[in-house]
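Q: Given the coordinates of chain A, assemble chain B onto it according to the supplied hints.
Residue numbers (our numbering), protein chains in the order written: chain A, 65 to 391; chain B, 462 to 1094.
Check each hint, because a few of them may be wrong.
[Claimed, not checked] If you want a taste of the chain B side facing chain A, the calculated C-beta under 10 Å gives, among others:
1) Met517
2) Glu599
3) Thr713
4) Leu717
5) Asp758
6) Ala786
Worth flagging that the hints you see were computed from the coordinates, not collected in a lab. The C-beta atom is built at its ideal place from N, Cα and C for all residues, glycine as well.
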Amino acid sequence: MFGLKSESVLRLDEEYHELDEYQGKESRWCPGCGDNAILAATQRLCRDEQLSPEKTVFVSGIGCAARFPHYMGTYGFHGLHGRALPVAQGVKIRRPDLNVFVNMGDGDCCSIGTAHWIHAIRTNMKMVVMLHDNNIYGLTKNQASPTTPQGRITSTTPYGSLLKAMNPLTVTLGVTNVSFVAQVVEWVPDLLYKVLREAYNHKGLSFVRILQRCPHFMPTAWDQLLSNPDNIAVMDSPDGVQLSDATAKIYKTRIAHDSSDLNAARQVASLEDKVPVGILYRNEKVPTYDELRRPKRLPEPELTEEILNRSFDRFGISPSTSSKAED
Amino acid sequence: MHSTLSPENRAQTAKADNSMSATIQKIDEHIVEIISDSGEGAQTAGQMFGTVSAKMGNGVWTVEIIPAEIEPPARSTAGASGNRIRIGADNITNAGDEADLVVSFNDQVLLGREAAGEFKPGATILLESKWREEREPEIVSVYIEAHDRLVAKGYRVIEINMEEECRKVVDNPQRGKNIFVVGILSCLYSRDLGIVRQEITKKFKKKGDKVIQSNLDLLDAGYHWAEANLEIRYVIPAPGVLQAQVVMNGNTAVALGTVASGMDVCAMYPITPATSASHYLSEIFEDVGGVVHQAEDEIAACAFALGASYAGKCAITITSGPGMALKTELMGLSVMAEIPLVMVNVQRGGPSTGLPTKVEQGDLLSAMFGVPGDAPKIVMAPATIEDCFYSVITARKIAETFRTLVIVLSDANLATGQQAFMRPEFREEWLAPPIDQSPLPKTFKPYDWDEKTGMSSRSIPGQLNGLYTLTGLAHTGSGAVAYESGVNQESSRYRSLKLAAFQKTLKTPEVVGDPEGDLLIVGWGSTKGAIEEAVMRARKDGLKVSSMHLTFLQPMASGIREIMQKFKNVMTVEINYSDDLADEIIDEDNRRYANLAFLLRARYLVDVDCWSNVHGQPMKPGAIAKMIRSRLK
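Looking at chain A on its own, in the form it has when it is part of the complex (with noise of 0.2 Å):
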């Protein structure tokens, strides 16, 4: 039909990616979990970006969070506790074409992976990764997780856990090369889906912290939060995200901050009165490892012949050099 071939035809019903498209397995998540709400940011912020949905690959760990990919309609890569950190790096190494999203629970990130952690920000490829922050080991049933708040009764501290809560913020924001780090409330979707969005249009890694609530395990963990909203406060960033009028009627209390400046970000991060939320950190300056070890030359047999041929040349002992027997 008028000459145009086949293929250069507008199909926009078929390459318009649909909300549903984005949705994988059934979830089987607790009711009420929190990680339900991240996965509908997610599938939201996926269909608003058009995401191609086999260019994207969300990376796991183990956990209840770790669950993420399989309810996602994407590839996925569900591996192993604590490695979903170096696994998506090895995906994006040499794929910048694949969009890649690391989900992780605070088991997960702030224990057994924590030399992945720090790593990969130091490391700085782009990615988004979500830390679904519950305060609590949920798969494996009611054990104290590093950011479990002091004095909590767990299967693991009959008597009261012993130690402060680590605070991911601090620890992230003190690593070099940081680049982007949120904290959102998974109850919160409008400013949940625009800091995943701001995240994912980051140059870099995006470290969102979410804090995720556990109706099982933790049932009053984020009481504070839930019962007084002037807990949660937003930063008034003059690049942050705008609320919507319907939220910022809730969340009336505010932090003016300049999310350019990195002490300002680790002076924000250690509030202990107040709660946080928004961007605390974005810098698009700092390098990615990825755009660093980008190839100078694709991969074609004729380069490696030439290379290898060279290092023969170079180990080579060739017949005309040799010299005929002593004797």
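A: Only chain B this time, still in chain A's reference frame:
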């Protein structure tokens, strides 16, 4: 008088300077050892001497002598650093027996090596004698005592004040003494000075003309000194190089094999003795679009490689025993989720940190069984340095074809030993095909195991209709997490069948010697050359012994039982620990066998004996031959 020693005027120079009348002795082979404290250049000298000899067409095998520390205390018996070079008229396949001629920069490293039984009785020792004039009286007395003890033991000790001789040519004799030694050895072994000069020029190219010239001067000085003062001259006939060859160590061969196999990603963490493979790879890999990623730890290195492989990029991780232990859980994931991966384990002495710089073949059983749960994977072992190159190409192909983990067991002997082999001729089929991104049929399932072979289908991110979530959980043929009891049995069966399908492609190993007899020696990995040489020596004595070397340890090729059954006795020779029946409390009920012997006994119900040790040294053909003789007398 520097750089006047062209082969034409060498004779004249000799006449002019030389009052010694040296008798030239023609020999088939010799083992030369150069040892010093760390950082004195004995390794460089040894490598250079080896390379020159290989370039002259001699068979060569070099072994690095490496202390565990970077700079161990000077003049200590455990601190020997250097190189051992076995040179022969014919092809040399192993490090050989004890040294015939030793050059030592001090008396203490010499004593350490002597105590380890590394020298032939009556061996010639060229010893730096500056210690006699040392200011500290204790050093002098210790030196004299050592010297006298060695003389009393019957060694032919020749003292040379190397530093004084070098000072005649250069200001700082401590740097460059090694090249003076190359000069001495070049004279003693009638080396082609043109080739030696080429090597010196190549070695010091980056340091500029001045350094090259002073090293050429040191070479000449050493040569002249030996010509004037020593009456030893050897000629080891060299058949000449008939075909193009390359000389390198096993780690460099692994690095080049990685490039040749079309790998895209090498993820590693520094570990002795594997790391140098990544050193050379780092130099060249980016030129072919590859990347060497130094991860934060061994676990991350393996995870990174698996991530890359999942995304369709061929990946390798290179490590040693302790690193393999750390990667164990990810090895299980590779098998379970069927993510192709090549893992090279350059074995060292274990367990734990063990003997980091020394050879052992102690990781065979942990490679095969180290992963909890049933994790069928392929284990192969290169036997030569040439094998190190080709085994990576083979391993990548197997890993991709069978979607599984392939472990390549090299060891410290191959890693640092140098040998010449036929220059490889590049073939495009070595490389991996480009990543398939064509749309899959809508009915595609990510595993969809073949009923007969267990082979599975695969989709790679980017492929339309191929969406799936890889998981290390038990999963169905469509990749879904298994909640039903039968699935795990079924999927385990398929993963095991893949190994059987692969096994059908393996060729029966060849027997060296007669196909039947009194004793069959079975080996694997780097001991091949030593075993075969020992078997040949014993056969010359009329003993009915043969040998068989296994490349694939898991699965094993068909026909091995039938071969073993044709011999009255079968035994393995391995560098790993096994109990000795001579120990009072060891008997057949509690005896622990060497790795391969254990496997052969279990698989074939053949009464396989073993002879093994963990001295951290390459197996000596002489020791194996002696053992064979004692068994068959």
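Q: Going back to the hint list, which numbers does this structure go against?
A: Per hint list: 2, 6 violated.
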